[in-house]
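Participant: Residues per chain, in single letters:
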Amino acid sequence: MASITLPWVQRDTEKLSNYREKAIRLLAFIALAHIPIILGAWFLLDPLSTKPADLQDSKVLLVPPLCLGSIGGMLLFAGAAFAIYAYELIGRVLSAPWVAFIIFIGAIFGIVIGVWLHAEILMTVQRDWMPAKETSVIPFVGIEYDHTVQSIYQNNLEGKSVDFPLIGAISIDTPILAYLMFPLQFPLVRDLVAVGGIIGFISLIPGFGIWWERKVAGRIQSRMGPMRAGGWHGWAQSAADGIKLAFKEDYVPPGGDGVLFRLAPYITFIPPICAFIALPFATAWVFRDLDVALIFILAMLGIEVMGVILAGWASNNKWSVYGAMREACQMVSYEIPMGMALLIPVMTAGSLSLTGIAEAQSGGFWTWFVFVNPWCFLAFFLYYVASLASCKRAPFDLPESESELVAGFLTEYSGFRWSMFFFGEYVAMYVVCGLAAILFLGGWMSPFPASSAEWFIAQANIENGMLQTLVKSLLAANPIWFILKATFLFFVQLWIRWTLPRIRIDQVLYACVQVLLPATMVVLLGNTLWILGVSENGLNLGWLIAIDGIINKILAAAGVLTLVGIVGIAAYGYRNNKKLVGWLAVDQLPGK
Amino acid sequence: MDSVAAEQGRSLKDHMDDLAFYIFAAISVASAFGVVVSQNIVRTALFLLGTLGGVAGLYFLLDANLIAVIQLIVYAGGTLILIVFGIMLTSKSPWAEFKPPKSQIVLAAFVGLLMFIGITSLTLSGEVNWAARATKTPLATSPKVAEAGEALLTTYLVPFEVDLTAIGAAYLAKTEK
Amino acid sequence: MAPEEIAEILKDTFGASITDTEFESAHPRVVVAADAWPEVAAFLRDDDRLQLNFLRSISAVDYLEDDKFAAVYDLASYRPGKTDSDAWALTNAVAVQVWTDRNDPHIPSVAHVWRAADWHEREAYDLMGVIFDNHPDSVEGLNGFHPRRILCPDDWEGHPLQKDYAFPMEYHGIPAVTELNQTRPIH
Amino acid sequence: MADVILESQPDINADLSSDQIQQQDLQTEEMLVNMGPQHPATHGVLRVVLRTDGEMVLEAVPHIGYLHRCAEKIGETVAPYQYIPYTDRMDYLAGMNNNLAFAQAVEKLTGLESEITERTKLIRIVFAELNRIASHLVSFGTYGLDLGAFTPFLYAFREREYILDLFESACGARLTYSYITVGGVTDDLPERFVDITREFLDYFEPKVHEYNLLLSHNHIFIKRTANVGVITAQEALDYGLSGPVLRGSGVNFDLRKQPGSGYEEFDFNVPVGQGEKGTVGDCWDRYIVRVSEMLESVKIIRQALDKLDGTEGQETLHKKGKTLKLPADEIYYEIENPRGQLGFFVRGNGSAIPDRVKARGPSFCNLCVTEKVCEDVLLGDVAAIIGSIDVVMGEVDR
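As you go down the protein sequences, you meet chains A, B, C and D in turn.
Residues in the first sequence are numbered consecutively from 10, following the working numbering.
Residues in the second sequence are numbered consecutively from 3, following the working numbering.
Residues in the third sequence are numbered consecutively from 23, following the working numbering.
Residues in the fourth sequence are numbered consecutively from 934, following the working numbering.
Just so you know, the hints here were simulated from the structure itself, not pulled from any lab data.
Hints are not guaranteed to be accurate.
Stated by the list, open to error - The calculated DSSO-like cross-link candidates involving lysine-lysine, where the alpha carbons are at most 30 Å apart (straight line), are:
#1 D:K1232 - D:K1054
#2 D:K1232 - D:K1210
#3 A:K224 - A:K253
#4 A:K588 - D:K1232
#5 A:K224 - D:K1140
#6 D:K1253 - C:K185
#7 D:K1041 - C:K90
#8 D:K1210 - C:K104
#9 C:K185 - D:K1041
#10 D:K1232 - C:K104
#11 A:K587 - D:K1140
#12 D:K1006 - C:K90
#13 A:K327 - D:K1305
#14 D:K1253 - D:K1041
#15 C:K90 - D:K1258
#16 D:K1140 - A:K588
#17 D:K1258 - C:K185
#18 D:K1232 - A:K587
#19 D:K1232 - D:K1140
#20 D:K1006 - C:K185
#21 A:K327 - A:K257
#22 D:K1240 - D:K1253
#23 B:K101 - A:K327
#24 D:K1255 - C:K185
#25 D:K1232 - D:K1041
#26 A:K253 - A:K327
#27 C:K104 - D:K1190
Unchecked claim - Label pairs and their computed distance ranges (CB to CB):
#28 A:I575 - D:E1308: 43 to 51 Å
#29 A:V102 - C:A198: 53 to 61 Å
#30 B:M117 - A:G359: 40 to 48 Å
#31 D:L1228 - C:A64: 38 to 46 Å
#32 D:E1308 - C:A111: 26 to 34 Å
#33 D:V1011 - C:G166: 33 to 41 Å
#34 D:L1228 - A:G359: 54 to 62 Å
#35 A:F256 - C:I196: 32 to 40 Å
#36 D:Y999 - C:A64: 29 to 37 Å
Every residue gets a Cβ at the ideal spot worked out from N, C-alpha and C, and that includes glycine.
Can you make the complete structure from the sequences, with help from the hints?
Facilitator: Structure, rendered in structure tokens:
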């Protein structure tokens, strides 16, 4: 980590170093202060005693915060002190080629597997071993809780063990399991865990999205994109940008309306995150399975418009007023075609809830709604174009068009407020792509039919429950499939942005009012008639069903072809890069 | 991760519900007051967003999800943007003041007072058996709402049409001039 | 058509106002009197033998020693080829010079003949001080109307390209001299 | 609603610095917007004051002079061979062409032209055409940027890097070369220059077709540029436009094709706007004329390189330029610069230092048409029109 010292800035190193000394000493002191608490708690509460009589209510309530919490606190502060003490070492480790990637991917899979394991144990404990269900009330708060785990020991179930396919059998004797399981019974705690998971995933999106966009832009423009920040392929570029933006000057234009100027980023930033409440990652993986999830997400994207308009309006700058005006025309006019294009999969699936729609596409990739009938195929593209416009991307990025309006409504924004706008924009992009993935590409359904999972299990006759769920998730349904599809559509948005020029505001409105809206209505009508003709209790026209089958096969084949085509061209391009770009160009590229 | 442990903690859920109710009610009333009092037109638009959002929150509390979402889309998403769009077309500076003459203010205050007296007398007089209504009768299970939703979908499209034509008209009218 | 023939045509149509011709130099030109210049310009453009439809440039030259300004108009006629694919030809390239007195330099503007003259005349006024009368984009100055300045700021005094131009010491508080004891900025 | 006072139009030419304009601006329906010196769509420091009503631009008045260095005054104080570096800074994207124009003007004035050897003429033509390709690459890239397509800019600059490397190998500089001076060129070609240039040309030619696929025939690009900013042939001549802007309007006029331009023995054709995608003389025509001109320049350079092989060992040094005496005469000489006809009016008075030097910048003349073209267009089109006229402010302000 080269430390850049600017010659004219007198860095009095010793003043700096003793700040570091002071910080390390303070953190170490706080870490050590935890030790008496830990010793006292462990000695008094003696959490590991195996005598079931010891597991009273008070103990089960007090052990998690006092015993476990204090250990956690000590480790946290000790870790902070170590991090400040050996930051060069950490820097070198982090910038080693593969470490960053492992941490990044490991974190995602770690969270997913941790949450899944926790839920599995809780279910096996509650389903198999919980005989009687007594409940008592927490004194002053008046909240009821059941003695799920505690009852295990009163009914002396020691010796039982939970067998995991990879880790092997974990015996349940250790009461520590009680302390892990106990808080999970409260719906509030479960919600907090879910919120933690969602916020974690959401903050990953812009971090990863911005870095990926710059890499994709680089590759399209025959350059490398970020290569320096954080070692391997500049993985920490977004983190670096975030830190930089946080320390920028907090500038509010004098003439404008300060209150609205500061409020606008929140109105653009919060609705897309709220949209994640209703966006299901898998059948059980959804925060609130609203029956109106689809329209709820549309509503949230509608409110985002208000934030952008206020931003443009409050920055007292003619260019941002233009940006705000364009924003008002564009996003509102595109909500209607987008809303109607979403109705088509709803109609084909016959249910409004997103999980229901995804379930209807579980019979292998040819049952995905994109390939089901020609009208849904068109609806997918209509929806995708409308979604591009509604989150201000690619050919429709007029509100913040750099070359005409300086930066549209973002002209006066800088620093952290500016990054909040971008945070909101990337999250909105992912919500829109997630919606498209669920409605048209079968969400968390794998390309293989659901029945293939049972067939495979029968063939390989796997008994162990965990392994079965593993196979089922691979062959039938898994949140990772949803993330893959949504990320692919996210990539297509990036791809479009760096190839197409921007269209004019009157062309945007012409495209919407005179092209997209009538087309969506026609497709809506077509789809209703098509379903009417095809479905049994409907007209049940034989010839139409036959045609439907053929078209389904053709579209499915087209889908496979495009996927193979994209991957093939990318591989071909990657392999003989020299011939395509021209042998003069290659050796000019930096890095590598 | 959801809905595995059966819900027993009655008091916690109720605590949260009451708290949420008071918050949403407070937001709506405060923003409504803001709409009336504020001079700066754009701020009135923002307060309007606050009112509509608060009311939508109340609908959510009553488990009337569909109506809440429609409220959000049609009012907060559509009509409000139309109002702000109108504001932007007419005046250019962020300090566009909205100064109604004195006589209008007096008239408005009088009508407001009249309404206020009417409603409070009704609530306090006791004919309406609020207690009976207070128990939250769970609305019919969600699917029915979904069907109602679908049926409504075809009707609520009409405000969308109005919404669109209004915007289209606004834009075309502007270019004609 | 050679410049001499053009001079002949001009002489027998305008007679006295073509005061002088200069052909031995590398830049053959015809001298025209200032007051008759707009008619001559219109004639040069509209006459079908000449058709000088392209004004290439207007250069204002400062003759300090004989106390005169000269505005040199370089004109040319772009004629289309026989068929569309043929190249256009540049014929009748000729220069016209108009003298004017140095302390009261007035030349009638020809912006109505060639639209290109508009900016060239503004630049000639801005840098050299030659005032072009009834210029389309003129401004009320100290002594009557003059074309608006194009390169220098609107409130700039003096015309930089004049030989006897005195460099200003500062402009709106911005010192023209950075070295301390300099009386006159060295350029 | 508060009534909006509809006064007369804001006076667009009023001195905008005073705050009086601020009041006037607020009351009226229309807005005065400063597409000011600092704006991504104006290439360099050009300020265009737009009188707009909503999205429609009713009137656009360009204000120039922000890059005015009074190069012509300096011309009266230094000898011609010392003035060459100043000509570099006028159109800083086509330094070689500027040097060539001034050098040839002075050579014609002093009669030094007869002593220029065949090899010098060929070297000058090769470098002028290479610089034309580089300048058109910049205009192609920035035009894509103006319309929101970021990628062509990178490809254009990647190709331009090789041309700049060639220039650097010949004269050591990448932007302001001062390589072509009065009396010849500063020094001879490096040894493998001809082969490397041929390699570059073979590499570059297919790339132009790639650009056409990427941008020129892109449907959105056509929608943004066809039928936008139309200039008829008559208006172009009347406004004194030249170069690709003139040829875009259907006037097949190129100085290199006129007799005495030194390009007689090369055969190349002159691309002219035919209104392929819209009417003749729209932004797309001007753009496609520039892109196809690059291919023509490649042809010229190839023929020049073949001729160059036969002229080994000829004298190219510029000794004579230093001790030159200018006759008491004047000359006006123009050559075909990538942006149009760059003309130099040089008047000597017998001594070594010229009496008057005037540069007729093509961008200066092409820019005066924006006022007429940018009436009743949309805001997005103003960027497209100014981009299609391809203005370099160094040349406009001199």
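Participant: Now tell me if each hint is right for this structure.
Facilitator: Against the structure, the hints:
| no. | hint | in the structure |
| --- | --- | --- |
| 1 | D:K1232 - D:K1054 | 17 Å, holds |
| 2 | D:K1232 - D:K1210 | 26 Å, holds |
| 3 | A:K224 - A:K253 | 19 Å, holds |
| 4 | A:K588 - D:K1232 | 24 Å, holds |
| 5 | A:K224 - D:K1140 | 23 Å, holds |
| 6 | D:K1253 - C:K185 | 29 Å, holds |
| 7 | D:K1041 - C:K90 | 27 Å, holds |
| 8 | D:K1210 - C:K104 | 26 Å, holds |
| 9 | C:K185 - D:K1041 | 26 Å, holds |
| 10 | D:K1232 - C:K104 | 26 Å, holds |
| 11 | A:K587 - D:K1140 | 14 Å, holds |
| 12 | D:K1006 - C:K90 | 18 Å, holds |
| 13 | A:K327 - D:K1305 | 24 Å, holds |
| 14 | D:K1253 - D:K1041 | 14 Å, holds |
| 15 | C:K90 - D:K1258 | 25 Å, holds |
| 16 | D:K1140 - A:K588 | 13 Å, holds |
| 17 | D:K1258 - C:K185 | 21 Å, holds |
| 18 | D:K1232 - A:K587 | 26 Å, holds |
| 19 | D:K1232 - D:K1140 | 15 Å, holds |
| 20 | D:K1006 - C:K185 | 9 Å, holds |
| 21 | A:K327 - A:K257 | 24 Å, holds |
| 22 | D:K1240 - D:K1253 | 25 Å, holds |
| 23 | B:K101 - A:K327 | 24 Å, holds |
| 24 | D:K1255 - C:K185 | 25 Å, holds |
| 25 | D:K1232 - D:K1041 | 27 Å, holds |
| 26 | A:K253 - A:K327 | 28 Å, holds |
| 27 | C:K104 - D:K1190 | 15 Å, holds |
| 28 | A:I575 - D:E1308: 43 to 51 Å | 46 Å, holds |
| 29 | A:V102 - C:A198: 53 to 61 Å | 59 Å, holds |
| 30 | B:M117 - A:G359: 40 to 48 Å | 45 Å, holds |
| 31 | D:L1228 - C:A64: 38 to 46 Å | 42 Å, holds |
| 32 | D:E1308 - C:A111: 26 to 34 Å | 33 Å, holds |
| 33 | D:V1011 - C:G166: 33 to 41 Å | 37 Å, holds |
| 34 | D:L1228 - A:G359: 54 to 62 Å | 59 Å, holds |
| 35 | A:F256 - C:I196: 32 to 40 Å | 34 Å, holds |
| 36 | D:Y999 - C:A64: 29 to 37 Å | 36 Å, holds |
Consistency note: the structure conflicts with none of the earlier hints.
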